[in-house]
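A.B. asks: Just so you know, the protein sequences line up as chains A and B, in that order. Heads up: the first sequence begins at 1 in this note's numbering, then just goes up one per residue. Heads up: the second sequence begins at 1001 in this note's numbering, then just goes up one per residue.
If you're looking for bench data, these hints aren't it; they were derived computationally from the structure. Please note that the accuracy of each hint is not assured.
What the hints assert, rightly or not - Just some of the chain B residues that point at chain A, by a computed CB distance under 10 Å:
1) Q1042
2) H1049
3) F1104
4) K1106
A virtual CB, placed ideally from N, CA and C, is assigned to each residue, including glycine.
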Amino acid sequence: DTEVTQTPKHLVMGMTNKKSLKCEQHMGHRAMYWYKQKAKKPPELMFVYSYEKLSINESVPSRFSPECPNSSLLNLHLHALQPEDSALYLCASSQDPGQAYEQYFGPGTRLTVT
Amino acid sequence: DAKTTQPTSMDCAEGRAANLPCNHSTISGNEYVYWYRQIHSQGPQYIIHGLKNNETNEMASLIITEDRKSSTLILPHATLRDTAVYYCIVRGPYSGAGSYQLTFGKGTKLSVIP
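With the rest of the complex left out, here is chain A (with noise of 0.2 Å):
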């Protein structure tokens, strides 16, 4: 099984409120990761865990929180986030953080702000 699971596929959510996008990952990958997608641009990495721990977060606002209550599951919980957070958000995850291994994209979460 080489499946990176997301849900939900698709979310709107007002300015207000608060949200959780989860993925998860059957694969006993070590390294998991949040991207961010907006239109006809490449995915931007927001942040990588290794062993459920966070290991870097490339200067995303705290809006976004992550968490990795265990090795097979990631969430991005959202709050008071704003219409250009409007994206495709992915999820991704490879096996051992050291090493070069390809990542496991999901199918992504669209989120729409309004």
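Use these hints to put chain B onto chain A, whose structure you have.
C.D. replies: Frame of chain A; chain B shown alone:
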């Protein structure tokens, strides 16, 4: 990580080989070349990677020049389902920052034409 340069777009006739070039003239000796693709509105998909030898898998072949300053991804018999944005990424050795990172460039939009 070294920067890559790719053509913005390419067309390929269905059933013919698609040859996608990538320049990475500042690549260093221990940096790998990775290729990913992203079909419209889906997550990126890993295709292949290599260091200095040519590589082949069930999806594609990767030809790296002897000086490693450029490479070519070859899809031997392109189909309509290969229409996607193809990203060439040069990935460095482990930085100690917790995990490897992928830095996506703008990529090449490949259109396979019937």
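A.B. asks: Decide, hint by hint, whether the structure agrees.
C.D. replies: Going through the hints against the structure:
Checking Q1042(B) against chain A: minimum C-beta separation of about 6 Å stays under 10 Å; hint holds. The beta carbon of H1049(B) comes within 7 Å of a beta carbon in chain A, closer than 10 Å, and the hint placing it at the interface holds. For F1104(B), the interface hint holds, the least distance from its beta-carbon to any beta-carbon of chain A being 4 Å, beneath 10 Å. Annotation: interface hint on K1106(B) holds; nearest CB of chain A at approximately 6 Å, less than 10 Å.
Hint check: no violations occur; every hint is consistent with the structure.
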